[in-house]
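Chemist: Assemble the complex: chain R is given as a structure, and chain W must be docked to it using the hints.
One line per chain: the protein sequences are R and W, in this order.
Here the numbering used here is used: position 119 in the first sequence is 119, and no number is missing along the way.
Here the numbering used here is used: position 53 in the second sequence is 53, and no number is missing along the way.
Read the hints as simulated data drawn from the structure, not as lab findings.
Fair warning: there could be bad hints in the mix.
Examples of chain R residues lying across from chain W (beta carbon under 7 Å, computed) [said to hold, decoys possible]:
#, residue
1, G21
2, Y63
3, N66
4, P68
5, G80
6, V82
All C-beta atoms, glycine included, are put in the ideal place defined by N, C-alpha and C.
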Amino acid sequence: MNPSMAITEAPGLFTADGLTGLIFLIMMAVTLIGGIIACCAERLVRAIAGLIVCFIGVAALYYFLNSPFVAMMQMLIYVGAVCITIAFAIMLAAPEESRKNGPAGPLSGPLGFITAGLVSFGLIAMAMRTQFTSHPKINNGTMEEIGIEFLTSYSMAFELISVVLLIAIIGALVIARAGRSK
Amino acid sequence: MSMLTLYNSLNTFLYLAALLFGMGVYGMVTHRTLIGMLISSELILVAASINFMAFNRFTAPDPTTGQIFTLFIMAIAAAEAAIGLSIVIAVYRNYKSVDTEDLVDLKG
Chain R
1 MNPSMAITEA PGLFTADGLT GLIFLIMMAV TLIGGIIACC AERLVRAIAG LIVCFIGVAA
61 LYYFLNSPFV AMMQMLIYVG AVCITIAFAI MLAAPEESRK NGPAGPLSGP LGFITAGLVS
121 FGLIAMAMRT QFTSHPKINN GTMEEIGIEF LTSYSMAFEL ISVVLLIAII GALVIARAGR
181 SK
Chain W
1 MSMLTLYNSL NTFLYLAALL FGMGVYGMVT HRTLIGMLIS SELILVAASI NFMAFNRFTA
61 PDPTTGQIFT LFIMAIAAAE AAIGLSIVIA VYRNYKSVDT EDLVDLKG
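One chain only, chain R, in its complex shape (with noise of 0.2 Å):
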């Protein structure tokens, strides 16, 4: 069996367990709904919408895990940066869906979803072959010790992760200028 925590026993739906449960299910289908808009949308507006939808969804997935602070991070920088910065680009570059087929058209879409489903297939059926073992906890996983890894162990990493924003920020400034006045 693989590692699942303290409650064994099926909760009732009103008790406060149940409820938890049934949030989750919800949480979870608003995911896999919006990741669905996302990638089979025609119209890119509608899929950066179903983009938002899953994002939301994840996040309320990592509050389940036991992190909220992963989860408050998902909301400002996924939904609130990422996705609004997409939004952006797709306003400026106005791009309309073409549906003519090229040469590879009409058999990307099946053969897109053959190998979608069976990369997750093999995915699906190699998680429920393995056997991961738990492991005691060290510490709890709260913002404080969030804070003190971050500023310890991984300090080099921070750092460095701040100076490929910077960078990533002034080349897409370069690159984006370049042409402008054509």
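Modeler: Using the frame of chain R, we list chain W on its own:
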């Protein structure tokens, strides 16, 4: 195990992440514009993050490691989105299109 205790098992999160990964791959193949492919790559990244967080909660001895890794993934994804979108805008300015069928100048 009943439906209502699903959030207590590692496999639920692994299956969900696998499905999201599959959706990302499907969108990457079928979307015809660069922005659509970027949206699909975000789905793939978030699937990887869910895996990290699930293993972090259920198996890892130090529960801060996976959270910190997920935060790094978020930072890299933000940088990737900024660079990718500036490339999209530069391409649009030169070709007046972001359809991958039109960007065939290098084709032999």
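Chemist: Against the structure shown, which of the earlier numbered hints fail to hold, in ascending order?
Modeler: 2, 4, 5
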